[in-house]
Amino acid sequence: MPKETLDSVIDSIEVESIGEGPPPPIPEPPFGPDDDDDGDFMDSQMNNAYVGMVLFIGAEVMLFAGLIGAFLLFRFGSAVWPPPFQPRLPVFVTGINTAILLLSGYTMHQALRAIQSRNYQQLANKLLITACLGLTFLVIQGYEWVRLIRFGLTPSSGVYGSTFYVLIGTHGTHVLGAVIWLLILLFRVRRRTNSPDRLYFMTRHYIGVKICGMYWYFVVALWPVLYTLVYLS
Amino acid sequence: MSESRAAKGTHEVHEAHAHLGFVRTYIFSTDHKMIGRQFLFMGLFMLIIGGLMAMLIRWELAFPEKPLPVIGASKEFIDTGEPKTSMDQTWAEWLSKPESEQNWLTKNMPMGAITAPLYNSLFTMHATLMIFFVVMPIMVGGFGNFLIPLTIGARDMAFPTLNMLSFWVGLLSGIIMLASLFVPGGSAAAGWTSYAPLTAKVEYTGVNWGQNLWCISLIVMGISSLMGSINYITTIINMRAPGMTFFRMPLITWSLFITAILLLLALPVLTSALAMLLFDRMLGTHFFLPEGGGEPILWQHLFWFFGHPEVYILVLPAMGVTSEVLSVFSRKPIFGYRGMVFAMTAIAFLSWVVWGHHMFVSGMNPLIGTTFMMTTMVIAVPSAIKTFNWLGTLWGGSIRFTTPMLFGLAFVSNFVIGGLSGIFMASTPVDIFIHDTYYIVAHFHYVVAGIIFAIFAAITYWFPKMFGRMMNETLGKIHAILTFIFFNATFFPMHILGVGGHMRRIFNPLQYEFLHPLQPVNVFISISAFCLGVAQLIFLFNFVWSLFAGKRADRNPWHANTLEWITPSPPPHGNFDKIPTVYRGPYEYSSPEVAEDWLPQDRRLETTTAKGAH
Ligand code: HEM
Ligand SMILES: [Cu+2]
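Read top to bottom, the protein sequences are chains A and B.
Residues 1 to 233 (my numbering) are what the first sequence spells out, left to right.
Residues 1 to 614 (my numbering) are what the second sequence spells out, left to right.
Bound conformation, chain B alone (with noise of 0.2 Å):
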């Protein structure tokens, strides 16, 4: 963008927005920092939501068809019929009413204790909306918004009313998801994969709309995360400021990037195979039905073909964000910045061609088993460089323990415990045996909601400049330590569960006399993700309190050298006074040559000019 149509911007953007009127600043707005608010906000609100179901449960596991606390009835009432507290005489009204009468909490946990096909429904609608509606609106949506045009200098997305319509669409599959949680059949319950032929016909679970409007949604999803990430790499490519060139790029900018190519070629096919399953069960087609010459494996095909470049969808922006976090705080440039990148590519690529290690016990030639075993495992060395490299990034740094710190910390050491023991489970011999069992939900939980550490690294890091407020580092850090201590409490014993042989996915585990033994470490996982799940809301007060009454943030509150922080807090419409012009990489922490230990990417020296300095 040349410098003078840049100028002129400016005046034009300034004059044009000044008054744009509530409902296009903060409903419809195309503005890209609004709309990253605004998925920010849908994600966080799923996130609630998908946390009090992750509670349920745990509930269930840890104390298998006992009702729940405060809402549930009391043991005297479901002994002895004899209505105890207020809530027995609630439920005592509720339950003497007819069938067609019955509400939604009486059809689904009767005296407050959850049945088998709503703990079904739970643990597909907890990862559903945890994977679509919380890390990828959050991560893609929220900070792909916001911090794209904003680290490379650009004064918004490509296409505007693009970026605006894939919000709306995108809270219209969050709505329809949720909407399907009260359909009559009850909603999705095959598990977020939804294995074919059991979702393949209605006959076969008996959940009906509940699992086409979960295709719909998700098809709908697709809609949006695809006008998304047409607009973030065209964005990227084309948007650039002067002396922004690929290598200058931020490493967030790069995992953005590569995310979005993931996402652009991958939901594509799963929007095929929704379709297609979609079609088997209102159309009459046969794609995943055996009896009609279908093949319930090709589901299983299609869905990992995505649903692996989906993880990488999901963990790129948070190694991206980790290694600004830990660059900043070490005050040290990001170690081997140029093999971070080539090893997010390498990531990129290698995730197309590992698919087939959910399905080792899917029936599988072995020979074409131990294909996918060790493409899986090259996956695992670009992972490993990357940590490597973050760890030599922190090596011989001048620390800062701030609160995004040590959350970005928290990942990386999560992020090892997962891809440790996702070498393990990448080895066919051993997946035999570990395959649907506890030990895939702690490496996946380690992975996957180890992101969370991620997200709140970003809150915590870009709220200022999000909101122009700083939130408080006191309450930060304490959130931080309960928040690692507590997920890995309630995580790391179901390595051992799983090892015991206690299966994923199962209602009751007392029902299997050969767990009954395992049950205390059951309840202490429990009690660990209810203490895990309160801790959250010192994170829900900081975050709500900081918004209205935090201090008040400067524009480069961390030194940090990317050039969202040389705008204003928040920046305002447009972003730049100027299009900056950029002189040196993202990461120049502790320059011999300026006195300060930061020199950001858009400050000229005497020295370097434009073209020479690298």
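Looking at chain A on its own, in the form it has when it is part of the complex (with noise of 0.2 Å):
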């Protein structure tokens, strides 16, 4: 096996999701466990990564909740919403900014289907316009923060700035930290696409994929609701 050289921290997951846990689910069949459960122990085991990434979704879902708790006090404990004589927000633009999340959601779900067919050049592909959809994403939502505070919508300017800013930056912030991510990996496929050592690929990589799209799907899908909370209703 060729040594690895680039440490981050996902590989660092990767290594342990292998090195310590239980055997991973490779070479074949590369998703999920077995289903011939018997009830036994052991049996049935997911690969610890995948565990750790739903309950890490799920300390993520609670942090949001807090902060949608917020939100929905002040929105349905007003009489008015938005207060007045403050700027409306963008509905349209960032409805349409929702179709390109959305959609980078089902590029990715491509990308993990690229890997079961084992098509690496296809995986590269779609990883790639995940991430650009997600900076596309990112750098509208980036202007139209901008125009927001030329039209007088800060942080400081009563709740209704403050949950704004806060409720989508702190999505944002989560998005950015996926694309980066994405990114990492894409790099690392690329490199592997024109190495001959392509099993090795399936089993070392495949997981922080695997693990990589959970976390992006759970970014794509927090949107809509964020978008109905916060632009529509």
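Some clues are possibly wrong.
Said to hold, decoys possible - Label-pair distances were calculated between CB atoms; the ranges are:
#1 517(B) with 152(A): 58 to 64 Å
#2 54(A) with 517(B): 56 to 62 Å
#3 297(B) with 228(A): 21 to 27 Å
#4 572(B) with 113(A): 43 to 49 Å
#5 116(B) with 156(A): 30 to 36 Å
#6 496(B) with 152(A): 56 to 62 Å
#7 77(A) with 429(B): 24 to 30 Å
#8 113(A) with 204(B): 54 to 60 Å
#9 370(B) with 54(A): 35 to 41 Å
#10 69(A) with 429(B): 44 to 50 Å
#11 331(B) with 77(A): 55 to 61 Å
Simulated from the structure, these hints should not be mistaken for lab results.
Source: prediction; values computed, not measured.
We put the CB at the ideal spot given by N, CA and C, even for glycine.
Using the hints, put the two standalone chains together into the complex.
Laid out in structure tokens, this is it:
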């Protein structure tokens, strides 16, 4: 096996999930635990990294639950919303942006499918498209923020601005994090596609892509909820 | 994990890790046992600091605004200005310097007398340290790390590197918290609950970076505990040894599992609230400030939505420890094993729907208040189930009064008192009267400070496994008995103060005419508290001395069943020579099937098979 040089956080997660955890369900079949669970111990294991990512997403949901709870309190606690003399949010542009993000969820789905059919070129392409869509989303969001600030909606201009920037900003930060993660993965996948050691990639990096995909689904799925609450309600 | 893989694992483990070097073994270690010990030491260190703060608080309440003994100035010096003792001279010298060169002591306790701002800062930081940097690191970080892989028969945690990061991030947050004591303006001083709007604006208190660092430190701590809890849950779900079904796990492991789930879901809510508070303070948002349309009560809701699960995060591992110790030293199976598990699960669920009981007097729709009152009383039911099961375990057992057992018994009896006072406060009409009095302080010290008994039980019980040596039993028993006596002498009279109307978080009780008759009680409490503090020196000595000179421990000094006791003391890297196969539950004591009165989980009997044993 080639010696790994890139030492990133993702790498360590993968190493651990294979090194110390239960045997990964690879090479065949690469997806999920096998289903012959007879109710006995240890037969039905999921990979550590999947479990860890599910738990992490659970914690993230609670983080957003706190922020959304605060938003709902203000939203339904006030008679007029948005409060008078505050700029209106760009519903239409953000609607298009929502579509862009949802599309990126679909391309991520295709990327994960590509792993299954062992089509690395496809995998690299789809990851790239996903990352670009994510970046586009962020750029449009940033542009709209600049406009809103010009119109006088700032974090310190009352709870309307406070909830808007904190809630949407926290989501944006998450998208940014996910895009960076995606780009790192992409970089590594591209290196692999040129190398003959494809099976190595299969066993070693498949999990990284899969859990990154899970996280991506999370940030994508969260957005329509936020859009509905913050922009439409 | 398959046998072949496990066997191969051993080989690799020994070869790869035999010579890891000092730094990788003791400092940046990824071994769950070393990380557990690191958390333990961090927690004990913070316990000393938090304990000293408590002593200062008690001094102030018993002898308000009097200089401290030893480091304070003499009465003559304060009255006449004539330095008498050498300390007087030092104070005179320090105080004569210009404002800019004054040191921390002259600013916060001139002449050695605690000032009101320092007092606020002391009770805030005392509680914060005890909750987040003593009980959580020791119980969840320390024993959670040490015990989870050992009791389920795994070689390490699911994510060892994440585990190491969790400790270092945790330490960083501890350092930030301690550093906040020394910033200009002083540390956070609005209580560990940091109620807004007091905390939401610098102008209201003058505390600036102290409160900011408090928020930042707890956010960082949240990241650390997030990494920890993901690790614990994954490990327990995925890495149990063959035969270790969920219902064969020891109750300590169950309690840590449930605690980890609560941690995972509760702390992010605190993080969101802390972030909003920080934005209010630093970016000018208005979440908790009415002048911008914000809502101070929102802070209370978010804080207690986290806060009540948090108190169970603190107490569940203590309950787990107690279950282990009581069963082992009664030489009897735990009474109602599944009942215990279901009780803990019920507590975990209910703890999400009771937070309003902290807000009965914050202004609440009476209907909602009543609902919270009912749910709160319901949570007493599983707590009572646990208590009765402990009593059932003791009943008819051949009890061995070892040090851990004494602490376990002490925990149960204190928990009963704290649980009962909880019921009183849970009923809204009563709580209106006792809210924010010393009655509350008495209640939560019986439950939360009572956890210290479970911590001592855990340390004395697992010390042989952690450090390979026994602690001294005689010293241990003296410490246990003295701690129990002085603990009760300290905290029980607080109920009386509370019913008498003594408010909590006051600097000088003598400012209130109606509290004068109660002042002797305060003095009694403080003297008991000092004795309690001094009694801990016995433990400190015993701990340090046993670390280096205690009797060598063999594998299973207490004749216990659970898997950690089949490993060498202390267990090597990789824990088990061979991953054990588990044949039965953890509490088969005094079983008629074998001659000895214990039956380890991994011992195969001729009459049973791996699948048939239940
Ligand atoms: C039998 C179950 C329990 C009941 C019914 C109960 C009830 C209550 C109530 C109603 C309060 C609010 C009192 C007030 O502020 O007016 C309270 C406060 C508190 N309880 Fe409990 N409790 C129970 C168990 C516990 C346990 C097991 C712990 C911790 C391990 C705990 C820790 C605390 C703490 C720390 C506070 C004070 C918080 C503060 O204001 O600083 N309680 N409890
Ligand atoms: Cu509570």
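Quick rundown of the hints versus the structure:
1. 517(B) with 152(A): 58 to 64 Å: Between residue 517(B) and residue 152(A), where Cβ atoms are some 60 Å apart, the hint holds.
2. 54(A) with 517(B): 56 to 62 Å: holds, 59 Å
3. 297(B) with 228(A): 21 to 27 Å: Given range 21 to 27 Å: holds, Cβ gap about 26 Å.
4. 572(B) with 113(A): 43 to 49 Å: holds, 45 Å
5. 116(B) with 156(A): 30 to 36 Å: holds, 32 Å
6. 496(B) with 152(A): 56 to 62 Å: Cβ of residue 496(B) to Cβ of residue 152(A): about 58 Å, so the range 56 to 62 Å holds.
7. 77(A) with 429(B): 24 to 30 Å: holds, 28 Å
8. 113(A) with 204(B): 54 to 60 Å: The hinted range 54 to 60 Å holds for residue 113(A) and residue 204(B), with Cβ atoms some 56 Å apart.
9. 370(B) with 54(A): 35 to 41 Å: holds, 37 Å
10. 69(A) with 429(B): 44 to 50 Å: Taking Cβ atoms as reference, residue 69(A) and residue 429(B) lie about 29 Å apart, which means the hint is violated.
11. 331(B) with 77(A): 55 to 61 Å: With Cβ atoms ~59 Å apart, the hint holds.
Of the numbered hints given earlier, the model fails hint 10 alone.
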